[in-house]
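Given the coordinates of chain X, work out where chain C should sit on it, guided by the hints.
Residue numbers (our numbering), protein chains in the order written: chain X, 20 to 208; chain C, -6 to 522.
In case anyone wonders, no lab produced these hints; they're calculated from the structure. All C-beta atoms in this analysis are idealised placements derived from N, C-alpha and C, irrespective of residue type, glycine included. There could be a bad hint or two in this list.
Rough simulated footprint, nothing fancy, chain X against chain C, three-plus residues with beta-carbon under 8 Å [claimed, not checked]: (1) 170 to 181; (2) 197 to 208; (3) 234 to 241; (4) 428 to 434.
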Amino acid sequence: MNSNIKNTVTTLSSIAVIMFCFGYVLVPIYDVFCDITGLNGKTGVISKNEANSLSFDINRSVTVEFDTNVNSKLPWKFHADTRKISVIPGKLVEVSFEVESLAANQTFGKAVPSVTPPKGSIYFNKTECFCFSEQELGPGERKTMSVRFVVDPALPLEVKSLVLSYTFFAMEKNVSTRNIDLKINSNKI
Amino acid sequence: MSEAVLNGVEHQHDHHPTGIKRWLFTTNHKDIGTLYLCFSLLMFFIGGAMALVIRAELFSPGIQYVDPQFFNSMTTMHALIMVFGVVMPGTVGFANWMLPMMIGAPDMALPRMNNWSFWILPFAFTLLLMTLLLPGGGPAGGWTMYPPLMLQTEHALPFVIFAVHFMGVSSVMGAINIVATILNMRAPGMKLLDMPLFVWTWLVTAFLLIGSIPVLAGAVTMLLTDKFFGTSFFDAAGGGDPVLFQHVFWFFGHPEVYILILPAFGVVSQIIPTFARKPLFGYVSMVYATCSIALLSFIVWAHHMFTVGMPLAAELFFMYATMSIAVPTGVKIFNWIATMWRGEMTFETPMLFAVAFVILFTIGGFSGLMLGIAPVDFQYHDTYFVVAHFHYVLVSGAIFSMMAGAYYWLPKWTGYMYDEKLGKLHFWLSVVSVNLLFFPQHFLGLAGMPRRIPDYSTQFSEWNAISSVGGFVFGFSQLILVWVIIKSARGHGEKATAQVWEGANGLEWTLSSPPPYHSFEVPPKISRS
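Just chain X, same shape as in the assembly (with noise of 0.2 Å):
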């Protein structure tokens, strides 16, 4: 073979190569960006001394919602104590979801978190969550769970209202081979 069309064919194959990786890579890069701006309702993350030490201001509210959804594979029932409540943004608040499992046997399940609007949901910082760590019900049981969270005093002046929604998924039984996750973001609250 002529050595340029080697030439050309070593470099278009390592183009395609490249390509396929380039797709892989659109994972991460995704997860970076849905994280600085927030779309997607990805939300910030903050340690208990920084949301303590936040200064506020106690003229301004926020309205928070909570939503709650279950993935029809999961037979359980899940709702949240408060619908809505006012905050002052830099105030830490706690809230409690309930669950309760309608399943005759063991059951597992996920939750994951969503704030919109994405313009507000970088200013959600949660604390404390129950989200993406797995859950465990035997049948009929109830749990209470909580999620402390504060909202950033920095929350554009136009955001008046955040919705926190959040959906359980169901989880496998083996559960080792369910948790391999490459996702850089599941490690957080």
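Leaving out everything else, chain C in the frame of chain X:
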């Protein structure tokens, strides 16, 4: 324009194996081109039959002939077959046949790989088609394969994914071969800007293929591992995101639509100058327009997903980027019209199809512009308006240009003129029925009829019935094309001269019709005039 003078002796002894072995083991670009074209034609009828199942079901409201699951697998398979099995192999077939002859090369750069690229396809499509026989039926989640719906496919999923992998490997190998041929095997003295426009559009298309098909391969591999190996790329329960799939898919998907249409632009750019008997107007601007369409195609993907909930800034960016593609496309349309302007035009079948292409593709381009406007796209999204749009650019666009190309080059391939009367009959039946088929779908879409649904509200009945009638007429008219090809291939018709068409210009027309099995073994001399 360059003219060629043949020097050296043509090899008249065409030694090759005969019978089935000739086709299985062939490394000859002309044989492989024929294989690709026949495969594409066969798939055109299989995919077309599926379209007729869809149109039969949609003839009247209510569920008539097929159950909704099967209907959905018909829409899914129809699209996969038409995109990957008809337009892509068809244009690769043209490339295989014509590229080496147009640039004065003896064959493709990698003849053995060329054989593999083709022979992977029958396996890929057998794999895809056999899923219809599996428990749970074929894939029914749409050709875009969005999760989580696609992941609910029963046994068909891995077969579909491997079929897509095979098609991808085949087209990337084909593309590498084409670039290697064009960049290294041009006749001495032929500069890049001396190449016929068909060669240019294929060079650019091949780069699009190499850049985008591997991304699709990655996306479907992620689907596969999500379903069977416990990853959660697109699974919300595991922290993944189904919307991510749409981004990755359309990052491939938008360049893909130009992969389908750029070679069509190339074919039309060869035909119009021939029958207008004038050189192509604005050759260099055509080349630049092709390149800029290709570059822009990589940054507009999210206009397919305006409704997923993107921030305003992203909607605006993708909207303006999309609109800007209208500029190079407009340049092309303008150049074709300017080529015809005051030309000594005659309307043989290839020219009829090419002129219809220019008009009908422009209609499809305009509805594309409408869809590109983010605020109104919220109304059009996932309606029949979208279906009307992409069928105008793909059927009366890409497919029409392929038909034009088939009539244009058939005398060169077979050595015999096709039956002009039948060709014209085929054209007029096709052009009337294709509009009857797809134009009403604009109205249906604007009135709110969703796509991919087997049943509809009764106010959509009339236009759907008309569309179905158009569909059946269009479908059966294509049998005329088969008959024309068979007649010409079997030598029924006038003997074609080397130049075939009075206004034809270029190296391929200096070879006899049909060309010798091995052509340009001694490179032609390019003399500039």
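**Asked** Residue count check for the stretch 170 to 181 of chain C against chain X: does it reach three with CB-CB under 8 Å?
**Response** holds (count 5)
**Prompt:** Would you say the stretch 197 to 208 of chain C counts as covered by chain X, given the rule of at least 3 residues with C-beta under 8 Å?
**Reply:** As far as the stretch 197 to 208 of chain C goes, the hint holds, because 6 residues have Cβ atoms under 8 Å from chain X.
**Prompt:** Has the stretch 234 to 241 of chain C got at least three residues whose CB is nearer than 8 Å to a CB belonging to chain X?
**Reply:** holds (count 5)
**Prompt:** With a cut-off of 8 Å between beta carbons, are at least three residues of the stretch 428 to 434 of chain C near chain X?
**Reply:** Check failed, 0 qualifying residues.
Comparing the model with each earlier hint shows a violation of hint 4 alone; every other hint is respected.
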